[in-house]
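Position chain Y against the provided structure of chain L, taking the given hints into account.
Protein chains: 2
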Amino acid sequence: MSQTSLPRRLLLGPGPSNVHPRVRAAMAQPMLGHMDPRFLEILDEVQASLRRLFGTQNPMTLPLSGTGSAGMEACFVNLLEAGDRIVIGVAGVFGERMCEVATRIGAQVTRVETPPGTILSDAAMAEAIERVSPRVVAFVHAETSTGVCQPVEAIARTARDAGAFVVLDCVTSLGGLPLAVDRWGIDATYSATQKCLSCPPGLSPATFSPRAVERVGERTTPVQSWYLDLDLLGGYVGNERRYHHTAPVSAIFGLAETLRMVEEEGMEIRTKRHAECGHALVEGLLPLGFTPLVEAAHRLPMLVAVSLPDSIRRSGEAALRRRLLDSYGIEVGGGLGSLAGSIWRIGLMGENARLTSVESLLHVLRRELT
Amino acid sequence: MSQTSLPRRLLLGPGPSNVHPRVRAAMAQPMLGHMDPRFLEILDEVQASLRRLFGTQNPMTLPLSGTGSAGMEACFVNLLEAGDRIVIGVAGVFGERMCEVATRIGAQVTRVETPPGTILSDAAMAEAIERVSPRVVAFVHAETSTGVCQPVEAIARTARDAGAFVVLDCVTSLGGLPLAVDRWGIDATYSATQKCLSCPPGLSPATFSPRAVERVGERTTPVQSWYLDLDLLGGYVGNERRYHHTAPVSAIFGLAETLRMVEEEGMEIRTKRHAECGHALVEGLLPLGFTPLVEAAHRLPMLVAVSLPDSIRRSGEAALRRRLLDSYGIEVGGGLGSLAGSIWRIGLMGENARLTSVESLLHVLRRELT
Numbered sequence: 001m002s003q004t005s006l007p008r009r010l011l012l013g014p015g016p017s018n019v020h021p022r023v024r025a026a027m028a029q030p031m032l033g034h035m036d037p038r039f040l041e042i043l044d045e046v047q048a049s050l051r052r053l054f055g056t057q058n059p060m061t062l063p064l065s066g067t068g069s070a071g072m073e074a075c076f077v078n079l080l081e082a083g084d085r086i087v088i089g090v091a092g093v094f095g096e097r098m099c100e101v102a103t104r105i106g107a108q109v110t111r112v113e114t115p116p117g118t119i120l121s122d123a124a125m126a127e128a129i130e131r132v133s134p135r136v137v138a139f140v141h142a143e144t145s146t147g148v149c150q151p152v153e154a155i156a157r158t159a160r161d162a163g164a165f166v167v168l169d170c171v172t173s174l175g176g177l178p179l180a181v182d183r184w185g186i187d188a189t190y191s192a193t194q195k196c197l198s199c200p201p202g203l204s205p206a207t208f209s210p211r212a213v214e215r216v217g218e219r220t221t222p223v224q225s226w227y228l229d230l231d232l233l234g235g236y237v238g239n240e241r242r243y244h245h246t247a248p249v250s251a252i253f254g255l256a257e258t259l260r261m262v263e264e265e266g267m268e269i270r271t272k273r274h275a276e277c278g279h280a281l282v283e284g285l286l287p288l289g290f291t292p293l294v295e296a297a298h299r300l301p302m303l304v305a306v307s308l309p310d311s312i313r314r315s316g317e318a319a320l321r322r323r324l325l326d327s328y329g330i331e332v333g334g335g336l337g338s339l340a341g342s343i344w345r346i347g348l349m350g351e352n353a354r355l356t357s358v359e360s361l362l363h364v365l366r367r368e369l370t
Numbered sequence: 001m002s003q004t005s006l007p008r009r010l011l012l013g014p015g016p017s018n019v020h021p022r023v024r025a026a027m028a029q030p031m032l033g034h035m036d037p038r039f040l041e042i043l044d045e046v047q048a049s050l051r052r053l054f055g056t057q058n059p060m061t062l063p064l065s066g067t068g069s070a071g072m073e074a075c076f077v078n079l080l081e082a083g084d085r086i087v088i089g090v091a092g093v094f095g096e097r098m099c100e101v102a103t104r105i106g107a108q109v110t111r112v113e114t115p116p117g118t119i120l121s122d123a124a125m126a127e128a129i130e131r132v133s134p135r136v137v138a139f140v141h142a143e144t145s146t147g148v149c150q151p152v153e154a155i156a157r158t159a160r161d162a163g164a165f166v167v168l169d170c171v172t173s174l175g176g177l178p179l180a181v182d183r184w185g186i187d188a189t190y191s192a193t194q195k196c197l198s199c200p201p202g203l204s205p206a207t208f209s210p211r212a213v214e215r216v217g218e219r220t221t222p223v224q225s226w227y228l229d230l231d232l233l234g235g236y237v238g239n240e241r242r243y244h245h246t247a248p249v250s251a252i253f254g255l256a257e258t259l260r261m262v263e264e265e266g267m268e269i270r271t272k273r274h275a276e277c278g279h280a281l282v283e284g285l286l287p288l289g290f291t292p293l294v295e296a297a298h299r300l301p302m303l304v305a306v307s308l309p310d311s312i313r314r315s316g317e318a319a320l321r322r323r324l325l326d327s328y329g330i331e332v333g334g335g336l337g338s339l340a341g342s343i344w345r346i347g348l349m350g351e352n353a354r355l356t357s358v359e360s361l362l363h364v365l366r367r368e369l370t
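Protein sequences appear in the order of chains L and Y. Sequential numbering from 1 applies to the first sequence in the numbering used here. Sequential numbering from 1 applies to the second sequence in the numbering used here.
So that you can see chain L by itself, here it is in the shape it has in the complex (with noise of 0.2 Å):
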């Protein structure tokens, strides 16, 4: 497979997004053992640059060997038994999943749904947790199906009131939106490397409180994975350095490459920057026909969810889209589950979330569509 015979494609979709070609050569680096004492600084670096990131001081933060629906299992795994109540906000596919997941471990999951789009509604949420009790309250910051962004603090206030843990998804808002886990009151929460953070996808950053922590210790049942069993797990990213499993080595290089990069461009700029190319997107493709699912004030910027006009249905939007990857090499993502058909999802992140990624793009669809 020489570096020519794959096609060059600008990724537009719900990830993975472009990666740079620092992170890309981090990852070619000769391999380190898993032991090796340099390559354990490096995973020390990684994790104290993703309390930075997470907005944390939580000493166990670590990049989970799995992609983001292994650190949705692993923050589910951890917190929850069976039997135990759970409340779930479910505004698109990843709340979903969430119930899926909780499901499988034995927990009574209740569910507060929203309409594809719109918001969770705090009232809803509280009224929830007021009447299950529950042992963990669940949603998701930035969802990937739909391109909402989920105000988190009412809900993270009104769940740790009432005694349970909170666990939220940030697949797709780290490094694109500041978080503020410590600040929120979050005490789980799992991303993914190849959203803003525009890694290769294999990896899922996450972070529990020293509550969570406490609360794994506390368990009466065992973790039902091992894999993913957050006190094994610490063992080796604290200081005993104990072998669980062989840590993923290229893609941790390819990690604290990138995390070097969001702190050298700092994440005042990098926001400012996902803000601005979101924003001139929808102003871009409003005059072509596309209008966006969310309102604007909890649009994310870095997925815009976008309904197709008529044109584009009719003639088939899958057919469409086709047609710009193999035309243009521009991968745009479609709609995810009941969204399928009538929307398409536009991925402006990380090394993506630039003025000329969405004039590319508008340039191609101008082209096609008039």
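It is possible that part of the hints are untrue.
[Said to hold, decoys possible] Which stretches of chain Y does chain L cover? Using the computed rule of at least three CB atoms under 8 Å from a CB of chain L, they are:
| no. | region |
| --- | --- |
| 1 | 59 to 69 |
| 2 | 197 to 204 |
| 3 | 214 to 227 |
[Stated by the list, open to error] Heads up, incomplete: computed chain Y residues facing chain L, CB under 10 Å, no partners named:
| no. | residue |
| --- | --- |
| 4 | Gln29 |
| 5 | Val77 |
| 6 | Ala247 |
| 7 | Met267 |
Worth flagging that the hints you see were computed from the coordinates, not collected in a lab. C-beta atoms are modelled at their ideal positions from N, C-alpha and C, and glycine is treated no differently.
Structure of chain Y alone, referenced to chain L:
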């Protein structure tokens, strides 16, 4: 992290092994989406090549998105339900890990043990299988904690004859020893990329027989892991191409390149290369006072476990390993579990199964020890 800032290592521990520049370059290629037709072609190619390497026609052959330990968990969570009986052969740390994983699923575990460095007895396994009539029989082909190569066929035949599903750990054997999953009658097996395939850690090549896949469809309870659910994974790696989780694209680029190199070389030559190196290492270590833990007939070529001479035990084996790493850039592995402090595990895996690796280590040891 510039290319020059990381130390160069000769990785002669229990994995990861050194990664060939071709594989590192493949991983550094620009990103493709996980639904990109070109990426799906590469995934198809990887699956086909893994089938040849495992010695199977199983359609359900795939790289799982986690390390070898996730592969172990995937086999068990799919084939076992709470209350199911399983017979596990425990010849070292990884058989022990199987017991732990199966227990967390709620299975009734029957252990058949053998002292470290010895193979499981066919008769003892047969006795337990007859007595317990288990749903699953599991054991390890290449026990990475002891360097034992377990004969597979008799145990697998007994298990099949008793109506059990057979799970085999091939973490350290895939790519270094010929495997015959179909001929042996194995229903589920998993490996890892960082051993004899000489890829970075992070993926677990695995394969499941049609009757194993059927069994998963007939479960009365859902697979407890959503992330590792074979039925959902099959929706993506099969013909439907249904999104499940985002595949680790770059890691799969690397695996594809490794598999091309394995096929270019051919397993016959590759097997011979591993065998010769393992033999040469033992021959060279004997005069230095190291003695093989395992008798010649059942000794793994790619992972040689040796008992340490008294002089090294007395002066501290960890200190000598650290000196080999710091002064010569050579990593070797210590003992795990009950063997910690009394053995070394020396890996000659994939790219490192070269007489030059053997000579480099022996040269350094002679210098340090005489």
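Structure-based check of each hint:
1. 59 to 69: As far as the region 59 to 69 of chain Y goes, the hint holds, because 5 residues have Cβ atoms under 8 Å from chain L.
2. 197 to 204: holds (count 3)
3. 214 to 227: holds (count 6)
4. Gln29: It holds, given that the least Cβ distance between Gln29 (chain Y) and chain L is near 6 Å, below 10 Å.
5. Val77: holds (8 Å)
6. Ala247: holds (7 Å)
7. Met267: Since the shortest Cβ distance to chain L is 21 Å, the answer is violated.
Going through the hint list in order, the structure does not satisfy hint 7, though it satisfies all others.
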